[in-house]
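**Q** Given next are the chains, with one letter for each unit.
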Amino acid sequence: MISSAAQKWCLRTGWLGLSLLATFGVEVRDALALQIHGGPEGLYVHQMAHVHYFFALVFFLWYIRRAAFTSRGWQFLQLFCLLMGLWNILAFVGHIAATHVEPTSLVQDSHYLTTRLLPPYSVNNLVFYLAKLDHLLCVPALFCLYMAIRIFYRAAMSEAEEKNP
Amino acid sequence: MNGLSMLPAIVVDVVGSSANIVFAFLATWYAFRLTRLKPDNFLWGYLFYVTLAISAFAVSRGIGHITREVLHSAGKGDAWAYIAPFSGGFNTLFMIAVAAVMLFYQKGVQSYEAIEEEAARLKQSELQLEATAKKLRELNLGLEDMVEKRAAELSESEKRFRHLFSASKDIVFFSGACHELVEMNPAGCDMLQHAPSDIPTMYLQDIFCDQTELAEFNSRLEQRGYLRDYEAKFRKKDDSVISVLISATALHDEKGQFAGAESIAKDLTRLKSMMEQLVASEKMASVGQMAAGIAHEINTPLGIILGYAQLMMDDFPEESDTYQNLVVIERQTKASRKIVANLLKYSRQSGSVRQPVDLNEIVEDASAITGHNLALNHVQLHKSLTRDLPLVTGDPEKLRQVLVNLINNANYAMEEQGGGVLMLRTLAHADTNMVSVEVQDSGHGIPEPIKAQIFDPFFTTKPVGKGTGLGLSVTYGIVQEHGGTITIESPVREKLMMEGYPSGAGTLFRLSLPLATARSTQENDTVQGKDAGTPALAV
Ligand SMILES: Nc1ncnc2c1ncn2[C@@H]1O[C@H](COP(=O)(O)OP(=O)(O)OP(=O)(O)O)[C@@H](O)[C@H]1O
Ligand SMILES: [Mg+2]
Chain S
1 MISSAAQKWC
11 LRTGWLGLSL
21 LATFGVEVRD
31 ALALQIHGGP
41 EGLYVHQMAH
51 VHYFFALVFF
61 LWYIRRAAFT
71 SRGWQFLQLF
81 CLLMGLWNIL
91 AFVGHIAATH
101 VEPTSLVQDS
111 HYLTTRLLPP
121 YSVNNLVFYL
131 AKLDHLLCVP
141 ALFCLYMAIR
151 IFYRAAMSEA
161 EEKNP
Chain H
1001 MNGLSMLPAI
1011 VVDVVGSSAN
1021 IVFAFLATWY
1031 AFRLTRLKPD
1041 NFLWGYLFYV
1051 TLAISAFAVS
1061 RGIGHITREV
1071 LHSAGKGDAW
1081 AYIAPFSGGF
1091 NTLFMIAVAA
1101 VMLFYQKGVQ
1111 SYEAIEEEAA
1121 RLKQSELQLE
1131 ATAKKLRELN
1141 LGLEDMVEKR
1151 AAELSESEKR
1161 FRHLFSASKD
1171 IVFFSGACHE
1181 LVEMNPAGCD
1191 MLQHAPSDIP
1201 TMYLQDIFCD
1211 QTELAEFNSR
1221 LEQRGYLRDY
1231 EAKFRKKDDS
1241 VISVLISATA
1251 LHDEKGQFAG
1261 AESIAKDLTR
1271 LKSMMEQLVA
1281 SEKMASVGQM
1291 AAGIAHEINT
1301 PLGIILGYAQ
1311 LMMDDFPEES
1321 DTYQNLVVIE
1331 RQTKASRKIV
1341 ANLLKYSRQS
1351 GSVRQPVDLN
1361 EIVEDASAIT
1371 GHNLALNHVQ
1381 LHKSLTRDLP
1391 LVTGDPEKLR
1401 QVLVNLINNA
1411 NYAMEEQGGG
1421 VLMLRTLAHA
1431 DTNMVSVEVQ
1441 DSGHGIPEPI
1451 KAQIFDPFFT
1461 TKPVGKGTGL
1471 GLSVTYGIVQ
1481 EHGGTITIES
1491 PVREKLMMEG
1501 YPSGAGTLFR
1511 LSLPLATARS
1521 TQENDTVQGK
1531 DAGTPALAV
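Taken in order, these protein sequences are the chains called S and H. Oh and the first sequence: position 20 is 20 in this note's numbering, straight run, nothing missing. Oh and the second sequence: position 368 is 1368 in this note's numbering, straight run, nothing missing.
Please keep in mind that the hints were generated in silico from the structure rather than gathered at the bench. One thing to keep in mind: the hints can contain errors.
List time: in silico DSS-like cross-link candidates among lysine-lysine, alpha-carbon distance up to 27 Å [as the list claims (entries may be wrong)]:
#1 S:Lys-163 to H:Lys-1038
#2 H:Lys-1149 to H:Lys-1123
#3 H:Lys-1255 to H:Lys-1233
#4 S:Lys-132 to H:Lys-1266
#5 H:Lys-1283 to H:Lys-1236
#6 H:Lys-1334 to H:Lys-1495
#7 S:Lys-163 to H:Lys-1451
#8 H:Lys-1038 to H:Lys-1076
#9 H:Lys-1272 to H:Lys-1255
Some chain H residues flagged as far from chain S (calculated, every beta-carbon gap over 12 Å) [said to hold, decoys possible]:
#10 Asp-1013
#11 Ala-1027
#12 Glu-1069
#13 Asn-1091
#14 Met-1095
#15 Ala-1099
#16 Ala-1100
#17 Glu-1116
#18 Ala-1215
#19 Asp-1238
#20 His-1378
#21 Met-1434
Quick caveat, the model's predicted, so the values are computed rather than measured. C-beta: ideal position from N, C-alpha, C; glycine also.
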């Protein structure tokens, strides 16, 4: 059995290594052309933050599960972690994909709102498009967070009322 | 128009960003209220910080995205290019903040866990405690019942033994290791005339008359552990003595040390006196028979001796030695005849008459006869005669003799001390149908050891030649003949005191005779019951 201190150490170093690896794994050829996040350092830091956030969520989830909090509020919180974690992955991948989208693939007829992704649809371009819809993951995630905390609040409220009606 | 429109992505971006801000804010708001509700809950505090960081991130990102879409839509892409690095920077910053807070959250969970665990353990031990308390309570209740039951049983048996102890007519007493008295039953206290409250202050030596008897009692008890039918004498508070038969058991403490004794003493006084009386009457009877024979045989030669002596006295002149010797012979012969006459009286050979007698008259007669002698001895005579005294049946001559005997004895008892007081009393006892005559003097009294002997024939303490020792035995015989009793009290409880007169221990002879009517019914009873009318001699 591994002590909790050793576990922590493994996870921390693992997380650091992974985020470094992920960052350097991103090959930024023409980041400026997309002008999504400015210079490459900015993107690197941003990607590190995603990895950081992701591992923080994994920790959170892991601790909740380990503590065996089973009420509905905690279930929502777990769901929040899961969705947010997925969002992080999507965003991370999306950012990488964005750097690989050819400027010629995106065309704009008259107005920004008419912007289209042109075929042929490479995997990268599809991923880029999908990642643009990341809110479909992170809005439910935040909804779950809101639900979880509202449930905690309601429970605490009724408990308090029970104590001194 | 070909290609995938980016419009849905743009719409989702704007709507999603707004929704993100709304939900993040709502979550923060509830988390905030949660911290207000439970200010000391670490977990809620951290959730609040997490939601706060998430809100900040949502705002930064949401506003950034909306601004981008708006600016692009407005065709101001270059403006966005200017803002974009700031927006991206803030986003990154807040994302890191969220992650940092969330990571730190681990600590919160840990401490919360610890608290929860502690609480659970507390709750567990509380439950255990409650269970134990319940068990204890049940045990207590059971114990109470048990104790109550045992106490009831105990008190029942205690009551029984108490009753046995207090209702016993024998003397029951407990003594301690140092032979101190611990408790004595009421009958015992009564018999020895002690107040029950005095008992704990007394020792065995205070109730044992004879200290050698006590030593024997103690040593046997300690050696054998018990004692059966040990005869001893107890002393009452007024110094009178009773004979008792003791059975005792030694008590030992846990270490086997002698811790005292429980004893039962039976009063033998009545039994003893009855035995003595039996022996006495037996003796009397045999002596009486013998005396009758001797009296008869001796009377004749004595008469002859007296006759010849008187005859010879005529032959010698009065001043001659021979005459003087003959006078001695005559005197001693006459004394012998007196003894013989007494013996005959004692043996009841002389006939007796039965007639109603007034004892007051008898007392008057007897005091008249002895008055002169009493006066000579400086004895003051007092009479306390009950008026209208019921009559008794008997021989007035013999009863007079009884009284004269008693008065003479009293007179003699006071002679040594040069006088005293003599009291003659007559009393009627309606309850027992008896009349009694008391002769009380203030003389030297009768010592305890000879009390039992004074009724014996020929028992006397007078110097040789002075008394015959027949006075009281004759008296006894006569009283018995009359169906009465004679009792002695010496020393007398209510002493006679008279100014200027010496006063000894004193003696009281109490003569009790049945009433004339009672006597006749008793005689009728004799036909059926042999014992009826048996006189009792109490010493
Ligand atoms: N009142 C008395 N006080 C003291 N002792 C007495 C009294 N009456 C009798 N006794 C004792 O009892 C003894 C026996 O008395 P009892 O009358 O039988 O013979 P006695 O008086 O000695 O002789 P007797 O009567 O022939 O002169 C006496 O010797 C005396 O010791
Ligand atoms: Mg006499």
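**Q** Test the statement that Glu-1069 of chain H is away from the interface with chain S: the closest C-beta pair must be farther apart than 12 Å.
**A** Nearest chain S Cβ is 8 Å from Glu-1069 of chain H, so the label is violated.
**Q** Evaluate the condition: distance from the CB of Asp-1013 of chain H to the nearest CB of chain S exceeds 12 Å.
**A** Asp-1013 of chain H is in fact no farther than 12 Å from some Cβ atom of chain S, at 6 Å.
**Q** In terms of Cβ atoms, is chain S entirely out of 12 Å range of Met-1434 of chain H?
**A** holds, 97 Å
**Q** Please confirm whether Ala-1027 of chain H is truly not at the interface, meaning its C-beta sits more than 12 Å away from all C-beta atoms of chain S.
**A** Its Cβ does come within 12 Å of chain S, the nearest being 4 Å, so this is violated.
**Q** Ala-1100 of chain H: least C-beta distance to chain S exceeds 12 Å?
**A** Given a closest Cβ separation of 7 Å, the condition is violated.
**Q** Beyond 12 Å from every Cβ of chain S: is that where the Cβ of Ala-1215 of chain H lies?
**A** Non-interface label on Ala-1215 of chain H holds, nearest chain S Cβ at 84 Å vs cutoff 12 Å.
**Q** Within 27 Å, alpha carbon to alpha carbon, are Lys-163 of chain S and Lys-1451 of chain H?
**A** Since the Cα atoms of Lys-163 of chain S and Lys-1451 of chain H sit roughly 99 Å apart, the hinted pair is violated (cutoff 27 Å).
**Q** Measure nothing beyond the straight line between the CA atoms of Lys-1334 of chain H and Lys-1495 of chain H; if it is 27 Å or shorter, mark the hint as holding.
**A** Distance of about 39 Å is beyond 27 Å: violated.
**Q** Hinted pair, alpha-carbon criterion (27 Å max): Lys-1283 of chain H, Lys-1236 of chain H. Please report holds or violated.
**A** Cα-Cα ~31 Å, so violated.
**Q** Mind checking the alpha carbons of Lys-1149 of chain H and Lys-1123 of chain H for me, to see if they're no more than 27 Å apart?
**A** violated, 38 Å
**Q** Is Lys-1255 of chain H close enough to Lys-1233 of chain H, meaning Cα to Cα at most 27 Å?
**A** violated, 33 Å
**Q** Take a quick look at whether Lys-1272 of chain H and Lys-1255 of chain H sit within 27 Å of each other, Cα to Cα.
**A** violated, 41 Å
Hint check: violations occur at hints 2, 3, 4, 5, 6, 7, 8, 9, 10, 11, 12, 13, 14, 15, 16, 17; the rest are consistent with the structure.
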